[in-house]
Every structure is written in structure tokens, then in C-alpha cells.
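These protein sequence lines are chains X and F, in that order. Each residue of the first sequence is one higher than the one before, starting from 5 at the first, in my numbering. Each residue of the second sequence is one higher than the one before, starting from 2 at the first, in my numbering.
Hint data in this document are derived by calculation from the structure and do not stem from the laboratory. Model, not experiment: these values are computed from the prediction. Idealized CB from N, CA, C, for every residue including glycine.
Computed far set for chain X versus chain F, every beta-carbon distance over 12 Å:
no., residue
1, His19
2, Glu25
3, Lys59
4, Arg193
5, Leu208
6, Ala265
7, Thr384
8, Glu593
9, Pro658
10, Arg684
11, Arg725
A few chain X residues that face chain F, going by a derived Cβ cut-off under 8 Å, partial list only:
no., residue
12, Gly157
13, Leu252
14, Glu423
15, Val429
16, Val434
17, Ala560
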Amino acid sequence: MTGGSNVTPALAAEHGLSAEEFDRAIAILGRTPNLTELGIFSAMWSEHCSYKSSKVWLKTLPTTGPRVICGPGENAGIVDIGDGEAVIFKIESHNHPSFIEPYQGAATGVGGILRDVFTMGARPIAMLNSLRFGSPDHPKTRHLLGGVVAGIGGYGNCVGVPTVGGECQFHPAYNGNILVNAMCVGLARADRIFYSAAAGPGNLVIYVGAKTGRDGIHGATMASAEFGADAGEMRPTVQVGDPFTEKLLIEACLELMETDAIVAIQDMGAAGLTSSAVEMAGKGGLGIELHLDRVPVREAGMTPYEIMLSESQERMLMILAPGSEDLARRVFEKWELDFAVIGRVTETGRLVLRMHGETAAEIPVGPLVTEAPLYQRPYTRRGPLPDIDPAALADRDPLDCLRRLMACPDLASKRWIWEQYDHLVQGNTVKRPGGDAAVIRVSDSGKALAVKTDATPRYCRADPERGGMQAVAESWRNLTAVGALPLALTDNMNFGNPEKPEIMGEFVGVIEGMRQACLALDYPVVSGNVSLYNETSGSAILPTPVIGGVGLIADAAKAIDLALKRDGDALILIGDTLGHLGASLYLREIETREDGPPPPVDLAAEKCHGDFLRGLIEQRLVAACHDVSDGGLLVAIAEMAMAGSRGVALDPAPSALPRNAWWFGEDQARYLVETDDPDRLLTLAQQAGVPARRIGTVRSDGSAAELTLSGAGAISVTELRAANEAWLPGYMAQG
Amino acid sequence: MKAAIVIFPGSNREHDVAMALKRVTGQEPVRVWHRDGSLPDADLIVLPGGFAYGDYLRCGAMAAHSPIMRDVRARAERGTPVLGICNGFQVLTEAGMLPGALLPNRSLAFTCKDVHLRVETNQTIFTCGYAAGQTIRVPVAHHDGGYTADPDTLDWLEQRGLVAFRYCSASGQLSDDDNFNGSARAIAGVFNETRTVLGLMPHPENATDPLLGGTDGQAFFTGLIGALQ
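Okay, chain X solo, but in the shape it has when bound (with noise of 0.2 Å):
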């Protein structure tokens, strides 16, 4: 064994260990650790890959179902669609590595994400991506968003897997720290699903995929840390990645799954063969042995403490059922990667790794996966904030205000980002980006799964708790207005530092929100990523929590979209309106403020109307739908004009309510529909004890259609798409 003589505290604190964290190290070693294994230590122990700040709170989300067959805790979370078909699903992060390099970044977030879900036995069928940028009139944000976004297209283009859905806002909270939030969606056979426990020791261990280089060494300690003004210096942590390279290790290891060689596999993701190795020896309670100089590697002269953490992208590591090895090779060499077998499963609990014939590590697998820190940070709780009473604000002419809302940049077609990704390769994609959720077919039977990605940070900068309940209701009510059931959510918690006891109650108030919309949905959390440190020179990006939600349509035909069908239907608002303003995109964009409480969730308000809106797509009651959410009733209104080319005639505003508070209040737990039986929606409503009205009636006149508001003028649907496009694209002209 190499001694630690040089590894002292002053280098341990270097890589992100704690004198605490350091000595604990020495006594789970009895030694001084060399500095391979302080390598190790600090990549398992950072936040990044021990959640240690957060998993005391995320323990208390509800994980669980009748159709929940694996929650947090693997690759990624699984659930049963029936049929022997199962979903495997998972967000994560890339933000600190696309910040300092977007396309990069992107790309490898979207390469890595793909491998959690392919690594369980899934074929990649869906992709999404959650982004937040700082003000557009910030000198990086256009850098940045292109970037971004070239870097996603081509990544996932290549890799021929649909990118069908996702969001893109803007807010100067995020100037210094942008989000970058990939999710993908697998189908897997429920009976051939892959996990990473190593098991029969003796079993060889393979090395398959791409070379290691030294590329992203030490990127998972890097995400656990904030930025300072020097964070461009970091970019030799960021990986580069070979879409081409997945696209083959994806097949490679599909074409393999289908045979009963794989005993476990694990792709080397954050802390690259590190993570890998340790997790697979520790949930399989065995040691592994490793000969590091059979690794393969793209330069000469890596040491072990670079081969181990290094995370260059597209490699995985598996193990193989003794005689498999044979059969193995010749798949990955068809392919045209790398297989190497590189080390053993043992039955000393301990990871061992060998370089040139010397000890170069050795370190107590249970101790490190264990005894990996666990705190209980400090939290403060912010109390509600007050409300704000439409009245007092001016009355505006309402049309003028929607046209402005329309052209703002989150509400502003987000179609610029999503005609630069594949969102048809495949052949299923029945509903396209640009509606509530993407809806993707999934096999001949006929079912489709819906998909979205949903956060509201500027109600969980508000209040926490109820920013974390809305994301979450707005998840299931956006998969609902699709005409699917959600399944369940897979959650992406971006937050500041959580050693700021504000940050850390922030973190709280939004877990303890999403847990109580989690349960009184029946919405489990099956997977999940935590990104702290979303600091720059101490500024904290918005709380944001990212929810991507999966629901499940038995018949694909009857999926709905937003786009108004017919002329002369009736337009009806499901769901009570009280005109909440605080902290709405109203009150920002037009008043110029961001202040107030957000909209409260009434959670039981929230499953009824859902519950019964399905029930009325599954019986083709409705021709369109859309979810009342950012920008209040007249924006829904005026999305389902444009997509469809229809206008509508509208009743007038509610006399108890000042009427921008009516056409742009933020209340929850409403939804829009198109029917032609407007009189049965009604009586089947009024008997579910559903608030409903109509509001308003289709009308077109082609070219000429316009939304009419009573009273107050009316605004040519082509205005407002002429509006609603032109933003993203004209800026990014600018550049």
C-alpha cells in the first residue's frame, strides 16, 4: 500500500472534506487515507453523490404505490403500465457544468440521463429538459441558451430518442447559476429489468464503452460546491460527449439485456468508476477488485487516482454471469466498443484496486456507503407574506395587457428551442411539444404515456410549502388535461446553498409541500436528483423544484390537446376563481412587481376536478382541454386560439371581481375545456359538485379570427401569435 504520508487536512478541506469528514475517513481506513483514496472519499461524500444535506427530507416523500415496482434509490424509478410493461423514469441535473461550457454541459446531462434508464433494461423512448436562464437582457443569457440548447439537440438528435417536451423561463436569479434539468423516459418488460447489487463473488467485472480519459475529474465535487467569479476556470471538469458512442452502447446493451448474461450493470455517471464500482459492491454487501491497468484509457500515463475519477461519458460497468464472457465480448465488439474485463467480485467487503501489480487502494465498502455524512442542517421559516388585493392595483385595458403577456419571455413560444430538437424519431409521438404534456404511444396495444416537466420558482421563493404543493399539482393537472392518470413524478430539487439556514428552509417548506400534494394525489416520487449550490458570489438561484410527471392512457386515440376544434362549441372553466394575483406573471410583467403570496392549492379542489375532467375526455365529452396555470384564464384562453386558428366570442367578467384579476388571477385547480354539450358538461358537474361555467363560445371566421372580450375590443388571433413567436427568435437574432 501506498502510504498517505502527503495527504494531509489542509488537501483533504481542497477536496471538499470536512475535518470532521476527514478524521472519519481515518477511522474507518485506521489510517491516513493515500490520495486515491481521499479521492474516493470526497467524490462518495460529496452532496452531489451522498445527499447529505438533503436526505433527511427527502426520506419523508411519499415513494410508494400498487403500481410502484422500484422508487428512489436506483438508476432511476420504475413503474408497472400493465401488460408486462413497465416505465423507468429519472431527471437530473447539468447545471454547474453548463454554465462553464453549455454545449458540453447539455449534452453530456442529456448523455447521462439516457444511460440511467437504458442501464435498468429500458429502451429510451422520451426525453425533456427543464432550463432556467438568467435576464434575457444579461450579457451570457443568449450564450448560454444557444448554447444549451445545440447542445441537447445534439446530443439527443443524434442518439435518434424524441425530445418531446420541457420548459424554458427566465429570471435574473438565475444570472450566475442557470438550470439545466434532463429527464428521460424508458420502456422496459416488467420481468427483465436490470439493477446494479453485485452479486456471486468470483463474477467478472467488464469495463465496456468509450476510454477513459482525463476529462471531468472531479465534476461531482465541483456540483457540491458554489461558484465564485472565477468559474470559467473550471471548465477541464467538463466533460465532452459522443452521442454516437451512447447511440452504440445503447444498443450494444440492449442487445445483450435480451440474453441472461447480465448479472448487475452500472453506468459510470458522477464520480465515473468510483460511484460505480463502490454502489454496486455496496448494495450487493460484497468487495470488488479492480486492476486498474486494464481499464482502458485514452492517454498514457493516468494515475489511479485520475482512472477513478475520472468522468469521461459513455462508459458503464457490468457484471457477468460465470461462461457469459464470450457471448458478451462478441456483442459489444459488433458495436465497435470497448470491453475489457477489468476485476472481480469478492467476498471481502472491501474495494481493492491494483495498478502495475501494487496495492493502490483499499478501502471498507459498507464503512464508506454507511458512514457517509448525514446532517441535519439548520433551517429558518420564512411566515406568509401579504396578500395583494387586485382592487388596489390599476385597471388596465385587458387586451393590451395579453398582448404584452403574450410576448413576454416565459410565456413566449418556446417553439425556436423545440424545432431544433427530433421530437418524432421513433414513430410514436402522438401529441408534440407545445401543449400541457407530450403524449408518446408505447406499443400496438394502444396505450401512450404522457409526459411533462413543471416548476413555478417564483411561488417557492414566495412560500416555499405552497410553491412545492403547486409544482406538484400543476405536474398531475398538466398529464390530466391530456386525458392521462398520473403515475408518478420523478423530482429535480435546485437550490442554493443549504448551509444558509434561509436556503435549507427553503428546501424544507418546498419538501413539505410536495409531500402533502404527493400523498392527496397519489403521485409517488420514484427517482430524483438534488443540485445545491446554486451560488454565485453568494446569490441564490429561485427555489426550484422541477417535477417531471408520467401518466398513463389506456387508449392513445382519445389523448386531447389544446387546439379549439369546432366553431360554436362552448368554452367552459372548470375549477373556482378568486382572482390571486400575488406573485403572479401578471403582477410581474405588468405592475412591475414581485410581490405577494402565491396562489393557495386547495389539494382536494385539485384531485376532484382532475378526477372528474378525465372522466369526461375518457367519455369524448371534450374536444380540447388546457390547464389554467402561468398568466391566468385569458392566457390559457388565448393558447387554445392560437392553436387552433380559432378565435372566441367571451362572456364578460364576473361583476364581483375587478376584471383583470378575473381574465389574469392565478387560482389553482382550473382547467378549460372545449365541448359541444355544454348542457350535459354542466349538469355532470354541478352533480360531482364541480364548479363550471361557460365562458365563452369558439368562433372563427378563418383568417380573421379574433378573441372578443365584451365590453372591452377585441385581438386577431394572428396578432397574438404574431406576438407569441416572435419573441425567442428575434432575440436570439440579436446575438
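Fit chain F to the known structure of chain X by using the hints.
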């Protein structure tokens, strides 16, 4: 009717075109790995969309030198119809089996959306399911689809009636806006001299199912299969 789909490392729309063919023929096409020395007996050879060899070097450049391409060329010379879609079109131009080349889109960005195409001739096995001059709506999904050739070649293509499709408006008019990728003379697809080899950038295979937003690509496959039977 037997169809063979050639799979290169990086092909990714083989499943889409296989489904479109199966819907018409009721049979699963044969998939042929690029390193296989020769093709099985087939009435139609398809080079599908994707990113063969990652599109590294140049789109289609490496696939054009793949072992299987010798047999593809030989079969084409003997009259077996060859269809190259998107990346397959790029491979066919790189292999010299179709004239011209595909440049990056005018926007320099990947573009995935529905476009309108004008069917320039229906006197071919590939387009006989359409009326000449008919406008159809099918998706595109590519980064390098700007068709280019020298002016003499373009004139030759036009004179011989070897232009298969052009980008147009919903009403069939040609305009700069509708020619979104900047192709020479708005060309979206071309035939070889015998009209038995077709390369096109758009994806008729992704417009063959009413559930997926359009069926204008169906006549492409029913016409083609009908002509081959």
C-alpha cells in the same frame, strides 16, 4: 414484396420506416447490418435516417464506404429500387449514386417540423401514389438538408424530370420562406437517371398514421409497394 433495411452504426429511423412498410405489406422488413458482406434477396433496399457514424467527417461520408454499400450499388445497377431517406439520402450522394450534396441548413440549426412538398412527377415507382403537382405535408428532421449541385447538374435534373419533390407552401407555391433549409431550386428529393433510386430529406415514414398527426406519407408507401408487386 421483400424489403431490406440497411443498418449502419448510428442509424436511428430504421424502426420508423419498418413500421411504415409493415403497415402496407403486413411483413416485417429484413434488417441488414452494414458489415454483412451482401444483401438478402429484396425487392426494395432502404437506407434509413439517422446519424451513421455520428455524421463525423461529413454526413454519410463514412457509411458510403461501408462494406454493404458495394452490394447496394450492384443491386441498384441491376434495377433493384433503392430508397434513401434523410441520412440515407446523404449516404447515396456521398456514394455517388445520386448527384449533388447536402449542405447544412440555412439556419445552421437542426430543424424538426412539418413541411409541405410538391410532388414533381408521379411517373415513378416511388411517387405513383400521388398526383403530379399534388401538395403533401410530411415532417423533416435534419441539420444538413440543403440540396446543392452545380448549375449544369441542376438543369440536367430538371430537364430529365429527375426532381422528385420540392419544398412549397400549403397551396403548392414556391417561396424563399418555404424553402426553409435553402436547397437549390427548393429540391427536397431527387431520382437517379433510371428513377429507381430516390433520395429525399423529408420523412414520409413519419406521416403514415392518423394518430401521429398526418397520413400524407401513406400514399408514398402504398404506391411504391403497389408498383413493386
